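**Student:** Single-letter residue listing:
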Amino acid sequence: MPRVEFWQGNASIAQGALAAGCRFFGGYPITPSSEIAEVMAAELPAHNGRFIQMEDEIAGIAAAIGGSVAGFKAMTATSGPGFSLKQENLGLAYMAEIPLVVVDVMRGGPSTGLPTSIAQQDVMQARWGTHGDHATIAYAPSSVQECFEVAIKAFNMAERFRQPVLIMSDEVLGHMREKVVVPDRETYTIVNRKKPSCAPDVFMPYKPDPEDNLPPMASFGDGYRWHITGLTHNEWGFPTNCPEEIAKKTARLMDKVNAYRDDIVEFETESVEDARIIVVAFGSVARTALSAVRMARSKGLKVGYFRPIVLWPFPDRELEALAEKAGKLIVPELNYGQMVNEVERSVHGKAGITQMSLVNGELFQPSEILEKIEEVAR
Amino acid sequence: MPRVEFWQGNASIAQGALAAGCRFFGGYPITPSSEIAEVMAAELPAHNGRFIQMEDEIAGIAAAIGGSVAGFKAMTATSGPGFSLKQENLGLAYMAEIPLVVVDVMRGGPSTGLPTSIAQQDVMQARWGTHGDHATIAYAPSSVQECFEVAIKAFNMAERFRQPVLIMSDEVLGHMREKVVVPDRETYTIVNRKKPSCAPDVFMPYKPDPEDNLPPMASFGDGYRWHITGLTHNEWGFPTNCPEEIAKKTARLMDKVNAYRDDIVEFETESVEDARIIVVAFGSVARTALSAVRMARSKGLKVGYFRPIVLWPFPDRELEALAEKAGKLIVPELNYGQMVNEVERSVHGKAGITQMSLVNGELFQPSEILEKIEEVAR
Amino acid sequence: MRDRYEIRFAGSGGQGVILAAVVVGEAAAIFEGLNSVQTQSYGPEARGGKSKSEVVISRGSIDYPKATTPDLQIILNQASCDEFIAQTGKGGIVVVDDTYVSSVPETEAQVFSLPIVKTAREKVGRELVTNMVALGVTAKILEKKGLMKAESLKQAVLARVPKGTEEINEKAFIEGYKLME
Amino acid sequence: MRDRYEIRFAGSGGQGVILAAVVVGEAAAIFEGLNSVQTQSYGPEARGGKSKSEVVISRGSIDYPKATTPDLQIILNQASCDEFIAQTGKGGIVVVDDTYVSSVPETEAQVFSLPIVKTAREKVGRELVTNMVALGVTAKILEKKGLMKAESLKQAVLARVPKGTEEINEKAFIEGYKLME
Amino acid sequence: MPKKFMVTVDPRWCKGCGLCLAVCPTKVFDFDEGLKSVPTRMEDCIGCKQCENICPDLAITVEGSADNAKS
Amino acid sequence: MPKKFMVTVDPRWCKGCGLCLAVCPTKVFDFDEGLKSVPTRMEDCIGCKQCENICPDLAITVEGSADNAKS
Amino acid sequence: MPRPEVMSWLRKRFFPHLWCPGCGHGIIMHAILRALIDSGKTKEQTVIASGIGCSSRMPGYIDACTIHTTHGRSLAFATGIKLANPELTIVDVMGDGDCTAIGGNHFIHACRRNIGITAVVMNNNIYGMTGGQASPTTPLGAKATTAPYGAIDPPFDVCKLAQGAGATYVARTTVAQPVLCEQYIKNGIANRGFSVIEILTNCHTQFGRRNNLRTPVDNLNFFKKNSVPLAKAQGMTPADLEGKIVTGEFVKREAPEYTDLYRSLVERIGGDER
Amino acid sequence: MPRPEVMSWLRKRFFPHLWCPGCGHGIIMHAILRALIDSGKTKEQTVIASGIGCSSRMPGYIDACTIHTTHGRSLAFATGIKLANPELTIVDVMGDGDCTAIGGNHFIHACRRNIGITAVVMNNNIYGMTGGQASPTTPLGAKATTAPYGAIDPPFDVCKLAQGAGATYVARTTVAQPVLCEQYIKNGIANRGFSVIEILTNCHTQFGRRNNLRTPVDNLNFFKKNSVPLAKAQGMTPADLEGKIVTGEFVKREAPEYTDLYRSLVERIGGDER
Ligand SMILES: Cc1ncc(C[n+]2csc(CCOP(=O)(O)OP(=O)(O)O)c2C)c(N)n1
Ligand SMILES: Cc1ncc(C[n+]2csc(CCOP(=O)(O)OP(=O)(O)O)c2C)c(N)n1
Ligand code: SF4
Ligand code: SF4
Ligand code: SF4
Ligand code: SF4
Ligand code: SF4
Ligand code: SF4
Ligand SMILES: [Mg+2]
Ligand SMILES: [Mg+2]
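First to last, the protein sequences are chains A, B, C, D, E, F, G and H. If you're matching positions, the first sequence starts at 1111 in my numbering and goes up one per residue. If you're matching positions, the second sequence starts at 1111 in my numbering and goes up one per residue. If you're matching positions, the third sequence starts at 398 in my numbering and goes up one per residue. If you're matching positions, the fourth sequence starts at 398 in my numbering and goes up one per residue. If you're matching positions, the fifth sequence starts at 2 in my numbering and goes up one per residue. If you're matching positions, the sixth sequence starts at 2 in my numbering and goes up one per residue. If you're matching positions, the seventh sequence starts at 15 in my numbering and goes up one per residue. If you're matching positions, the eighth sequence starts at 15 in my numbering and goes up one per residue.
Source of the hints: derived by calculation from the structure; they are not laboratory data. All values derive from a computational prediction rather than experimental measurement. Even glycine gets a Cβ: it sits at the ideal position worked out from N, Cα and C. There's no promise every hint is true.
What the hints assert, rightly or not - Selected chain G positions facing chain H (Cβ under 7 Å, derived; list incomplete):
| no. | residue |
| --- | --- |
| 1 | Gly118 |
| 2 | Asn119 |
| 3 | Ile166 |
| 4 | Lys174 |
| 5 | Ala179 |
| 6 | Leu255 |
Same shape as in the complex, but just chain A:
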């Protein structure tokens, strides 16, 4: 029987992670993400998992990567400034193809900014924060229930694609408490990483299987000897300067995800069928947007709602199709325009875009978005 809980968003991510089989957490406290670490500190030792508070965020992600290399499903969690600090080693995890879940509970920036206020200013950092190219998978939940669910999905994707997966939450969601119906174990899938079946001496840690273009991964300590490096490497895992090997490796970092784009992309819509205006929003803002859209509908305005649940890869094609039909988009964000760039790129001029920025530490109110809808509808 599904259990009902009244959790904080942060706790829900932690509980989702535990449900997904996460047994390693390395991190460093920072508002408004600290509760994730705190729940893990209490739960992991009780599950024979490993919790360690490291000396800083850089070490936090490094330890988590280490935990993953040694065979655990691993996570780290942080907020803006810490997310910036984690970028270098996040890059290592992409390059070395180490499964990992990284949570960023967004707060106001830049810099120390507004530690206890909501913002959505790390959307682009999630995609582009580290040097060098790689594909990004980033979830943006908008309810405490969904925090639990995307945590499970994030681990599944991380283990499947052997790479870091991000969860972009925000201060309101992270600190909000909300009813969660904890699903029964049978109702969700758990993906574990693919292990090699070959003899240790012929194990090639970066040679993708032909069926799925994804390489299996051994753990340190389970009988395989292999090399991990942040240098560009060949299929054996050793550094290479051979242009063909380089191109093969780096292209695979993009392709392994791009090829499965449709398995990954997730979004939610409401009332888009006949909409003349679509409000595109994510995270906590999407809740306001939905309120506003429903209010507008109740006033007879043909307005729809589009919410990317996965921010990266961005649901560009899907949005483009809807945008073309509707003709007008409104994109409210708690930043000076981040996702809107991606929206603009996606729709190729086929819809007019109205951007709404709010950067004052607060969440949009439904009336603010409703007003904009009415203005655009006029």
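Chain A is fixed; fit chains B, C, D, E, F, G and H with the ligands onto it per the hints.
**Tutor:** Showing chains B, C, D, E, F, G and H with the ligands alone in chain A's frame:
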């Protein structure tokens, strides 16, 4: 009389910085940027400037910000992994509005990647690498001569707008030696930061002057007492939670640059007037592109060349106008598509875009781009 | 019930208004099978300054999570009263503490000035349980509105408070409940 | 002169091929008023492995900075010879060292096999100045092509080498120059 | 005649932490109703300044009184 | 009879750094033309293994010879 | 020490400050101000730097040249400021987390360089600001939100760390001894090189609450009871010293200061362009 | 030590390795392998971790579980690996820059935690890989590309730093004593907690070239001439010790190891779900 030198790109940036009046360098060595630090280590003590090698990149930029706060024109230089590490404090400099020049000599990524090979994978990191919103000014020189020139401009912009300015160089350009005609001092302008003229007790370090919307800046030690913080602050520089003050501050971080966008945006074109295809490229790749465009012209193809000298703010409107006329763009980059996103966004579907990626540690050869031109022309 | 019922607790730091809202949310979600969302505002002023916490309950789904026009406000200090009372929704109720709120600005809402703090201090003997008294008051109001059984709220209180303190908290809750009689 | 003249020096690490290319570039830019660009390839194999450095000189502007079809290649070891000789441009010249390059793959280019290392070792007495001998050879070739005065290259050499070593380097340069006589 | 001291507590700054009450060797302070410290037995003060130095809110001032300066 | 040792240098790995020449107490090694170390006076070897341990390229092996194992 | 002068160093509009009632950080701030004034410093030529934390709020309250940087990094900023203008007096105030967790590297490097900065480490054994997570100085067995079963990480001895890294002045005391705080800070400022003054202080709100030291006065008493002056400690066994706080001046040593070395370099190569 | 076993631990296809002729890093690698084999370790249960630098190339050459991480961060990665699987033997090899510059914080925290990792610090007093910039251990006055007029920064004493931070085994020697290297590394591996073995080594290419120690043999002789065993050093004056390298075992101390403490915690709260 202008002097002729045969400098490395890295040395040329350092010499340009010195010419601009830079007298403080804080950094940490990393290939392929280290020569910038090395030139500064030799030159600064001889100019009564300050050179310090710090314990890491984080400290390197922090010391440089400190040097700027105490009144020096300051610089730091790095490459990919170090650029990632500097992001948090880069954010502080944006927030606290401290003039600073940051050089990133791009190499192959992600992670340690290809330390001695060229790439252009930090284009988006330059814009979005730190958490939180701010305007970005980023130069991308493509010759050793231009390294010198943009170094001067970068300092001028940094001092004028009280914020960090980036120079995005690359491994080939950084290590290449080329003829430089060092201009006479009279031929270029040097901008120094605006100092307050008011009495110390009424100094508001973040209150913009009405004429230019830019606030003057005192130095620690010159008689003014003021507060610097990475927290969102009011015009006195003190932390605030007042939504209006927050919005005012953060909006100004965008507006102060956006308002002068046309003073900042720089690009170069060749043969675009009658072009049916325009090749858009920057940095070292632009040199290959120009070769290819000239070869194509000599074969009678109507091909043009567009090179952003300033990558951020991106010359979107200018490119859009040209793109619409030409109808086709080719965008070669040493990454899996970064600037091309901005190109795509800019042109709003008015031109077909062909992206060329090369990520194997090498620079495009003219023949490769020429082939693509011929293919697209067909 | 209306689609959405918004409750706000406001007071000074240390009066336990956050916990109060959490308990209401828990009662709604776990003991009543309703939907509920609880939010709060943090900020450097949290220490000793104004503190505010809200809970929205609904049979349907709750999109916007914060209170815009609270149906019920329980206000425990003057500063909060001055700032928040005007936001009360149409037909809403405001309960103020009669010790710390001396003057109530003009409002169309129905206002009850109750000895919440005094009850905690004098009847229960510990000012610390002010929020439990407030929850008792809340329980009565929600019961009257047919939104929630008082018993659910009491159970939620007992599930939350530290072991060994059940008795004193229950007492406070009951005294609060009786205040609205 | 053609728009663009490409020179490549190749050898093993430690033979000073990078410096050689730099000196040519300097001579062109500073002493001849031409444009010039010098590039090299780094890489972990730099220590002891193959080393390559190129310089492009031109009266006009130089866009693509690397050599694609070098007009002149000075090759000081077999591995480099095997890899690079085929790239020589039409009508180009290849000079190989007769000690370290024993077999020259078939090519349309004009090939000179000269005792560069031997000259450095025996005539000058220090293998270290191999690159200076190579520069002497280069000077002669560029002079013949009318691209640059040998004197400019010599001046560039003297401006570059550490104080006190001018004499030996000049000697090496002159011996190299004479090799092509 | 013992030296006399003037002890003042700024009630706007005092937060009632009780440290002055704890450190004063001669028990000069009491709390008032609003949990603010008050130097109720100022005449016992020996001028040691322990209260001034310990007050985390910088709310206390101890001065030698003008009269005593002469004595 | 003194113990006999077998000293081998792998010329593919030796980089001619000269450390073995410097540490060998009995001067067993010489460089060949190509600057590779050669144990030219192996009979003087006392089996101290200093060469093996100092060689940064792991190019040297010192073994007690089979004959001597019996002696 | 003249009281009005202390007042003149405060940004009084922010008072009462945001620290909890009885938080030791205020005691330390007062001691720093007395030390600065007594050392003859002026507000215009004094820099107060900090990272992020409750302790690090301090610069906001002091009416000097103040800089509230990023978490852990203040010494790196301060190093830049000092190198740029060696005439400035710099006091860098840090929490235990700020200094020894995320800022550990900058701390040891400032010690190594012996740059003329006075570091005041406000050690309350916890992350106060973020809600009571364990710090690298949280004692074994103590509870914290990220150590709900008691800390298992062996803590740093901040003074030993500073000594091992090369600081030339190293002292420790507690907020229970405000006059000693002032004295050590004054000695630290007087030292031309890098000085470290570790001051044990109380976060009863986050640490005390979970560890039976609920009130400021509990903490005061704890410090009084458990402090052992260095001279006395030297005669005690490790077992006796278990759980004690050894106070005193551990290092007082002459060595060239970093910016002095830099100036000599500039002079040596004739680089003074003024 | 049986030579074929050493060979069996090498990834021979990468030999001859990329280090310069005579680079001390190879001497240290050999000593590590002998120590591991002699300690009865297997390749499958041994992890060699490193950051970035010439020294940090080492994991690539050893046929064990190897991880070449980011510059300075290897101990943080290794901490995660060890905590996840305490059965693994972990040797973390670091350059002086890697360990004491960018990695300084992870280094002191590993010391503090006393986690069961053996850190081998390959100290050549310079950044070899990036072309000869000064490191935090470059001696005063020595030349480097970023210290063209001679270094003015006082260097770290790596062993004192490790001791101040709490390491339970701390020793130093030089590549001129390969057998002692091996012995200390073996002792380090035998220590259950965190061990630091600092080995002075030569980068004649980047350091020696600029500082009159041009050849590997020059460096060997320098180390021989300037090494002073601890016992002898204790009788010498600071002036006599100027420029000397004190070698020996500085710390050998029993203290609970971190993952043991963690395991006890799990047992204490009944958290073992196996
Ligand atoms: C990069 C970064 N990581 C984490 C934080 C969150 N943070 C702010 S203060 C702090 C610790 C505060 O502890 P301490 O330094 O001991 O100061 P205290 O509050 O106890 O005085 C932390 C972890 C941050 N602001 N920035
Ligand atoms: C974040 C980051 N900063 C800087 C570098 C550049 N880098 C690589 S190795 C190195 C220093 C190497 O010195 P050391 O650790 O002493 O090793 P050695 O080469 O001397 O053995 C530096 C600065 C890097 N790779 N990553
Ligand atoms: S110490 Fe200060 S704040 Fe505390 S009670 Fe006394 S006067 Fe008030
Ligand atoms: S000065 Fe001393 S005696 Fe006087 S009130 Fe303060 S603590 Fe008490
Ligand atoms: S020590 Fe090794 S590499 Fe050096 S010369 Fe001897 S055998 Fe060759
Ligand atoms: S074992 Fe000893 S004696 Fe024999 S060759 Fe090696 S160093 Fe010389
Ligand atoms: S939380 Fe702790 S450290 Fe912060 S102000 Fe309160 S008592 Fe002081
Ligand atoms: S550069 Fe130095 S450290 Fe690197 S391999 Fe060569 S000698 Fe060794
Ligand atoms: Mg603290
Ligand atoms: Mg080194």
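**Student:** Each hint needs a verdict: does it hold in this structure or not?
**Tutor:** Consistency of the hints with the structure:
Because the beta carbon of G/Gly118 sits about 4 Å from the nearest beta carbon in chain H, less than 7 Å, this interface hint is met. Interface restraint check: G/Asn119 against chain H, minimum CB-CB distance 4 Å, threshold 7 Å, status holds. At its closest, the beta carbon of G/Ile166 sits 4 Å from a beta carbon of chain H; the interface hint therefore holds under the 7 Å criterion. Hint status for G/Lys174: holds, given a least beta-carbon distance of 5 Å to chain H, under 7 Å.
About 6 Å separates the beta-carbon of G/Ala179 from the nearest beta-carbon of chain H, less than 7 Å, and the hint is met. The interface hint given for G/Leu255 is broken, as the beta carbon of that residue sits about 15 Å from the closest beta carbon of chain H, more than 7 Å.
The structure is inconsistent with hint 6 alone, although it conforms to all the rest.
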